[in-house]
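Asks: In the order they appear, the protein sequences are chains W and H.
Residues in the first sequence are numbered from 1 upward in steps of one, following the numbering used here.
Residues in the second sequence are numbered from 1 upward in steps of one, following the numbering used here.
Hint data in this document are derived by calculation from the structure and do not stem from the laboratory.
Given the structure is predicted, the values throughout are model-derived calculations rather than measurements.
Careful: at least some of the hints might be erroneous.
[Said to hold, decoys possible] Computed Cβ-Cβ distance ranges for the label pairs, DEER-style:
#1 H:ASP195 x W:PRO28: 18 to 26 Å
#2 H:ARG175 x W:GLU128: 44 to 52 Å
#3 W:ALA124 x H:ILE49: 47 to 55 Å
#4 W:ALA130 x H:LYS218: 53 to 61 Å
#5 W:GLN192 x H:GLU172: 35 to 43 Å
#6 W:PHE57 x H:THR106: 51 to 59 Å
[To be verified] According to the in silico footprint, chain H covers these stretches of chain W (three or more CB under 8 Å from chain H):
#7 209 to 215
#8 218 to 230
We put the CB at the ideal spot given by N, CA and C, even for glycine.
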Amino acid sequence: MASVGLSPTPPPGTLAVRPRREHIRSWPLVDRLCYALCWLTGIGLCLIAVGIVAIMFAKGVSYLTLSQFITSPSASIQQSQSGGFSDPIIGTLIVTAIGILIAAPLGIAIAAWLAEYRRPSWLARTVESAIEMLAGVPSVVLAIFGLVVLSQGYLGFLSEGANHGSLGESFFNAGIVMSLIALPLVVGSTRQGLNQLPDRLREASYALGKTRATTIRCVLLPATRPNIASGIVLGMGRIIGDTAIITIVLGATLRNEPVNSVPLLGLLRGTGSTLTSYVYYNSPAGEGNSHEKAYAAAFVLLMIVLILNSIVTRLTNGPRERGTAFRLLRFGTSRS
Amino acid sequence: MDPLMPPPIRRIALDREPNVAPPRAAPQLNGASEAPTQRRSMARPPVSIVYERMRVENVWLAYGENWVVRDVTLPVSQGEVLALIGASGSGKTTLLRSLNRLTEITAGASRAGRILLDGTDIHEFEANELRRRVSMVFQQPNPFPMSIFDNVAYSLAEQAPPRGRRRRRTAEIERAVEDALRRAGLYEEVAGDLDRPALKLSGGQQQRLCIARALAAKPEVLLLDEPCSALDPISTATIEELIVGLRESVAVVIVTHNLQQAFRVADHVAFMHLGELIEYGSSEQVFDRPVQQRTKDYISGAFG
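If we strip away everything but chain W, and leave its shape as in the complex, we get (with noise of 0.2 Å):
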């Protein structure tokens, strides 16, 4: 058996003759339609995209200044005198770490026991209405929600205006409602990749005498990572790119407010506001008078969610996969 082996390169001449390819004058009429139709609206979505990072990168690097990211803003009509948007800077990246800190696992949690377990079985379907009511419901009402209910005086340490009997506008509150957005499409994804996994997966593990705990814990959410990645992706866009909720909860005051000198838990449970608050307040459309300020903020908003994607991307995919020419572009997509 050893002795089995054979060149493994052709001789020269055998891969000559090249196969001949199917021409596009053969094709019906309606399927060279759509064919072009297919083109067209792929190169259409590829401008619409290279337009976006173009206009704000036209309108947003010759405003950019490097002072912005380290100057707080302050109120003025001056566009010389209103300083940077290191504050919403900031407050993007809290509210977006606090919220999705509490959607992932708890995502991840809901996703496992739908899929896997679905015990009983109303309660299973009651589960995913709910969800869906969730991924249903406009932000500004989950707002309006929050705000409500996260204002309970015994909700004091989320927020120093919940002491005071006032409105619970923190860091905190306005993590706990963003978490609410990006949940269901942390399940949502986390669930489709369970569902994906074979069957034998989960019997090679039982068969070797596992339970359906240890196996969902350390062979399917491994094998589902990719989805559960690109759940949490897409749930940071969606945290990143709300204004209403950071109108609503966390005050969009033009300065991070820490309540009291403690480092982090002081500025946790006062106000803020974020890149998108900040943007919305100076455009055109606010209140605020530094326009220029508005595009440079935007263009940093829409890098902060592009590298954001590459990253999450790469490790999801590894660092193997071929690149494309506007991957930066795909926002929280896996193959799988």
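Guided by the hints, dock chain H onto chain W, whose structure is given.
Replies: Below, chain H without anything else, positioned relative to chain W:
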């Protein structure tokens, strides 16, 4: 020779290649019989102690209303290989899966009769404990999407470590993994890089990894559900040798469609047809002197 042709399995000696063994004379067919006529080629050292580990007693199994196994009684012994043969739909696989209660995860499955492991009804065990003692390898190689090492280490660990963290490689675990891979005849091929993803292995290597994984848990009975049906002849030969070598330390039950394979690896053969056990006996007896007409028809290729 045309270089684009796939390599032949048994190569006929070409001129100027004296080191290739000349082909053996084709085995004689006795009459119209398709019965396996090739003598066992692999060495089968006699096993000193043969004793009964499991006993299937008047077992009936059903999916929904449909009885797929009817009143089967069978012994499963340590020190020998038991082959379940029969046409598709004869209930072999269902019977095999019931031996470690994997039928239970199928909705609507029901059962009557007793299956004993060392004299205790298997339904008195916790399912997980039973499945650690009676392990199974499936038709399709199904390694977990992790490294080779982790695949084997996973079945070792009583309490698996937290997700995402790499399993701690104590010397003890490393030794056990190596031992399991050696027993499955895979160690030499993968020793260089145990951190390679298991899914990068070839089909035959994957199946041997699955066997190693099953062996790592130190089972007492090993169930094999057509382990070679997705593999090429060379991998099949490797795995068959492995099975014969294993029977000393574990009781082996193998389901197979391949009569030649049953003849090569099995000490005892059970022939099933439409859920009933038609004939059970030593491999020589069932293949050479079948008692039942239906067995005779099946192994001579009249149906199935």
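Asks: Run every hint past the structure and note whether it holds.
Replies: To see whether the hints hold, each was checked on the structure:
Taken as a hint, the range 18 to 26 Å is violated for the pair ASP195 (chain H) and PRO28 (chain W), whose Cβ atoms sit roughly 53 Å apart. The given range of 44 to 52 Å is respected by ARG175 (chain H) and GLU128 (chain W), whose C-beta atoms sit roughly 47 Å from each other. Range check, ALA124 (chain W) to ILE49 (chain H): Cβ separation about 51 Å, and the 47 to 55 Å hint holds. Separated by about 45 Å at the C-beta atoms, ALA130 (chain W) and LYS218 (chain H) break the suggested range of 53 to 61 Å.
At about 39 Å, the beta-carbon gap between GLN192 (chain W) and GLU172 (chain H) stays in the expected band of 35 to 43 Å. Distance hint check for PHE57 (chain W) and THR106 (chain H): the Cβ-Cβ separation is about 58 Å, which falls inside the suggested range of 51 to 59 Å. Taking a C-beta to C-beta cut-off of 8 Å, the segment 209 to 215 of chain W contributes 4 residues in contact with chain H, enough for the three needed, and the coverage statement holds. As drawn, the segment 218 to 230 of chain W meets chain H at 5 residues by the rule of a beta-carbon pair under 8 Å; at three or more, the given contact holds.
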